[in-house]
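Assembly of the complex is requested from the two constituent chains, each provided in isolation within its own frame, with the hints serving as guidance.
Chains as they are written, first to last, in my numbering: chain A, 1 to 171; chain B, 1 to 697.
A portion of the hints provided could be inaccurate.
Simulated DEER-style distance windows between Cβ atoms [what the hints assert, rightly or not]:
#: 1; chain 1: B; residue 1: 265; chain 2: A; residue 2: 94; range: 36 to 44 Å
#: 2; chain 1: B; residue 1: 591; chain 2: A; residue 2: 2; range: 42 to 50 Å
#: 3; chain 1: A; residue 1: 100; chain 2: B; residue 2: 265; range: 29 to 37 Å
#: 4; chain 1: B; residue 1: 612; chain 2: A; residue 2: 96; range: 32 to 40 Å
Derived by calculation from the structure, the hints in this document are not laboratory data. Ideal placement from N, C-alpha and C gives every residue a C-beta, glycine not left out.
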Amino acid sequence: MPLKLVRVDDRLIHGQVVAVWLRAVGADRILVVDDAVAADPFLSDVLRLAAPPDVPVEVHGLAGGAARARELAASPEAAFVLLRSPVSALRLREAGVRFDVLNLGGLGAGPGRHPLHRSIHASDEELAALRRLEALGTRVELRLVADERPVPLRSVDRAGGPAPDVPDATR
Amino acid sequence: MAPDRPARVPVRARPRTLLPAAALAAAAAALLVLAPAPVLAAARLPLAPASPGAAAASAITIGPLQAFLVAFGYYLSNSPWLFGLAYFTLFRPLVAGLFVGLILGDPAQGTLVGATINLAYLGFISAGGTLPSDPGLAGWVGTTLALAGRLDPAQALALAVPIGLLGTVIFNLRMTADSVFAHWADARAEAGDIDGVARMNWLPGQAWLFLISVLPVFVLAYQGTDVVLRVLDALPAWVLNGLAVAGGILPAIGIALNMRFIFRGAVVPYFFLGYLVMVASDLKLQIVLVAAIGLVLAYLHVTFVTDARRREVGPSEAAPAGLRPGSEVSAASAGGSAAVAAASASATPTGSDAAPPRLTRGDVLRSWVLWTFFSHANYNYERLQGTGFAHAMTPIIRRLYRTEDEIRAALRRHLVFFNTEPNVGNVIHGAVIAMEEQRAAGAPIDDDAINSVKSGLMGPLAGIGDTISQGTLTPIFLAVGIGIAGASAAAGTSVAGRTGNPLGAAVYLLLIGVSVVLIGYLAWTQGYARGRTFVTDVLRSGAMERLLTGAGVLGNLVLGALAAQAVIVFLAPTVSLYETRLNLQTDILDKLFPGLLPLLLVVGTWYLLRRVSPLRLLALYLAISLVGAFPFFGPGPTNATDFSYSACTAALLHPYTACTPPSPAPAASPSPPPSPLASGAASPAASPSPTSSAAPS
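Next up, chain B with everything else stripped away, as it sits in the complex (with noise of 0.2 Å):
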């Protein structure tokens, strides 16, 4: 199957990818080594304050076990050897968080770092055969940093992204090297060798990604923090607060990118509704709750506007005419297993065998197994998850063809291009394997007809198989997770002023794992039973209208409420009024309407994404938060533990929570001290004293 070249290769072979990797690579470097310096230096300084009895709680140290674990955590959140759920599971950091907290012995922090640097991934879609980051290695890495070098969380996510940038140059690699891997494929199909196309699609894939994940990330856990140590102290303490600006800033991005998916129509105040209703409490809402009132209202959109709609313009306008489901003669070749009787009855027999084989239910099954697992095994660049799916394949192909050129053909006829979302999709191999029953039957089912339907539907199918899995249902699991781990902020006591609860991780594992594997196995099963049209009904009977409604009414109330707590900016600077001082942010904004400027960010960063690559707005961002944190009106904080007034309110923007003035008597004070909940790490951050940090009266 390899193409074969004119002597004059017209175009430049593939290992050009390899050159934009390694500027890539160079560039992402260069931010690695920039970036975790002054957010380590801020380590354990914003801390040092909240409780004296912190100094005992220093740095973890990484031992060589430790590290090992963590890369290959890594690697197993890109693999395929957890049921096809790694990339919607380990792949996040929320749930890396927990892992590498589990792995470093405090899986209440890493659950909460992985939850901060899983907000600038809200948004994170990889679709086709792209990785714009890598929220895996910013998770696994990221959080590993963190908690060895007791980084707050804000801090951790300015860190985080640059790592997940580097990312990208794994995973080109990794779909460079195993189109090479889909060609030893084709040899062992040349050989009618099953097993071998099977073994093919995992083997050298999996051992090249293992190297070159636990490779780099075993050197980065181990070395990583000692380095980035070293360089600690170096930077003037406004930098660091600029940092943890960032981190307060950045998840505005991961929202927005998300809000392209949902932000739109007559689902959009929703959002804000989300959004008030948080700030209204204070910030003290749970996350769960805001989702269940989602549901009511899903439920209530749904019923009374979308149905209410569709009744008026009647369901004929979906359908477009001359096309009821088995009124076309290929409606029948295309797929449906009951077809195959009829066809079998008029068979003429096949091969040596006199009755023509049928595929058992244990077959499609092991069919679907293997697909869960191994679809994305060796996804590479010129195949995509066409080794995938051809492993898939091997049990019906063992089951339906004896003769050694068929089993030839058939391997040969899956190992070409595929590419779709692996779940919803699956109703295409449900009906390609009907196809396959009823051709081994003997029915006139020829290459092009299969391949018509593998490549018809796998980009129809991916559009919204995307849109449900990656676009809908995980960042609303993610950030109903999310605000779990972080939830009990309100509570928090431990160094960081925050702890984190592990439950979120594990109640985002359960859903996701559920409706997943769920959807995988109903689109798999029903595309066998009901054929290639399962997919025309099910879009024509408007129920996946219905499912994506009722999800962008959820989706948008829970996205607006978790951006009103985990945006963070406040202005730090103060006006004079002849004798009296107001601050911009306490004084002036919270009192005209608190939690303006967040809102302002998020909907901007969305009206921005039409324009700006995210690449550009994080670059820009990064650089507001610099310049918003140096020291323009005073003399700037001296060190990273200088939490004074007169500091704070020198610098454009501050982290963390607004400036409280000081005050004798904090009770008399005209504004209430900010909520802990809104900051991305302790208030006493911000705070003149540890006494005065005491959560809202």
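Isolated chain A, as found in the complex (with noise of 0.2 Å):
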């Protein structure tokens, strides 16, 4: 089954993630894509004792994460991905994996970070590699939960709107 949603969130499994977005996309399965968090042994197995024990969490570095989810995606299973920075993101889409929309979740503020929209900032970094992934066809949404309306990124980020010969990344 073609993975159920793919979202950017630095806090990875939290409120929002268990209690709204599990339940509205219906996913068996969370996968955390995070070297960081993959090397460190004490994190990933936070995230896989957080989620409901229904939803198994499996967490990978990018290598791994990108060959398991097109592992995933050629399943029956319905895959839920969580990544941490939208770097990230390009990363596994370069690699193969096909996303259609990529949500974009809490990201904190910090020095060098943009607001766009609430809490979720971007550093110039992520703006840029967001902007290439909606170059390649990813729609970019940003979305805190599932019961708000999606704000797509163009909306927030008209200094860098897709390039003219890019197709409607609203199909």
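Here you go:
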């Protein structure tokens, strides 16, 4: 089954994910792809234990995660992919993982990070990755919880809108 | 700490968020203008025939002092001043209703109205800095307008829900402005001013919140009733009925939103059991008894299903290999005040002191108290609870660090983005305090180690914490409180035909207050004593799974029972079979399966919520209610006091009760009169005359 949802959220599994997204998208499995988390056995463990008991959580680094995501997309399982950074999303896409929509959840503020929408912030590097994703045909939507209306990236990112030769991202 | 923006700002600045806010304000204001008028119009009308003496009980006039108190109450419901409990108490319409009732001199009716409004917010959850709707505003303003206009509770609910949407504008204004104050706190941190950081977490944010809460609510409460009362009488009677129909249907959304958390897996049948038990008791069973039965069933289910399965699978399955508590190197550095002694033994003294500073029990508790009060005092889009975390750390920083450089670094360290569930998530604070203590004692703990505990745990603990506190405990306790608040309806004698019971709000307050504070205290102290591995220890022990499964059993049973009482759908039309006129509701549906329609509605709403947003569903249900109340099959009610059988059966749906045919001898009626408990208001509303509206024989 194609990936149910690919979401970037720097808190990974938290209230919105457990409470709303998981049920809204109807996922059987959560795939967390992040090098730092995968390298930290304690955090990996917490993530595995924090999800509802009936939803298994896998934690992978970027390299293994891309392969696993492709595998899950071809399997009958409905997977929910969680990433910490838009840059990881671009890496996955470039590694051949297909997803038409990238969901942006909470991304914290910090030095050099620009506010996009509510609690979603991004650095220049992350913005470039998001624009590249849109150019590759992935629609980037900003949406904290499933009950909200999605905000398209270009409505908050006028300066770096998609190049004119890019196919319509809203298809 | 201000983001150094490039010359060409590639993204629109934050004020963007004001645009949708303004649009929402306009939309909500439009709703507000549309909704309350008819609702208020209906105010006294269904009540009028209930008792002739009720005419004396005219609308309550709201004076400026009362309006201010209501506005101040609404401010308090978002403020930190109630030991962090405002969100769980005054913010809930059940509790707001009690206090509005006290302010306006009718706590019983206030509680009943608040309890009814709360039905639409049973599944309310605010996660990660989002607010889908504002139950606080719905509760405070909705109850005020309802009491002032002598609305019946069902109509008050239809009025309050659009008001709740208006509240998201206030929330956005607050979350946006508070980001600015976070930078003021940064400036105090750079100056090494511990008290200044603490002050910046509450003073500007609360001054702003006070302004944007009190002003609009004062105006709404003081002027609102007059304005809407003036628009009275303009609307046809069927529209008023339509809003009351909506008041019976909208609780299905609140209940279904909550079902998203608990209506799954092996505990699903308990929802139907609760529903059926309540229907079987003719809606008379006390919710408290249902909850007591639920506790018994929860114990049985956890013991004979959950535990049995765990034994089969074996606990090792839950524990990923290579991760036993204490086996990793970082476990020692990540917390546990016991490790402090070892660390300090080898520590090189820091600062000017020879002996490393130690925290007292008072420091740790003071920090907990500050967090409990002020975690959301300056809640903002940029850092969410970031300044609240720094505020909570002030007693720790003051004790552990002496030099200005150390203090500045520590304040900076804790002013960054942070967000978790503020009770269960306290494990993080406890563990971080222990790490700070070791660091001050010279242990090699750098900023990254502390940040990784905060940023790594805040998400998962928010997920667990929200599920426990907002998703499970709050709705169960609310259901019990709402049940008690309205349970005395069977003996209802007020002008509305029902009397609310303030005890319902009081019981809820006690249950939620004690649980939340207890959870927060335990998480904090255990996190400090045992470090971050406390989280994995607890999760691996299976205690959380048992707790949540048991709560799922109890929650489903109570929610099912409440759904039977609170969701009201009555088909009005009759069908003719030769000489016999059969009413679709009383003669056909009620004979086949009493309570079938509300059950279908609730389960159908739960199903729809996977695809449709609650807001769209709300609009859809309002439209269905209005269409359902339109008199397709006859002349319909001529005015709002027209309760004749022909007027009742002219529409598809009827509020309050099923249509009862005029019978000279009610006792001979083939169908029993509907229970007053089933209705959102007076059974006389649908009855041809007050005399036939007596309680079921």
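Results for each hint:
1. B:265 x A:94: 36 to 44 Å: holds, 38 Å
2. B:591 x A:2: 42 to 50 Å: 48 Å Cβ-Cβ, so the 42 to 50 Å window holds.
3. A:100 x B:265: 29 to 37 Å: holds, 31 Å
4. B:612 x A:96: 32 to 40 Å: Hint holds: Cβ distance 34 Å, inside 32 to 40 Å.
The structure agrees with every numbered hint stated previously.
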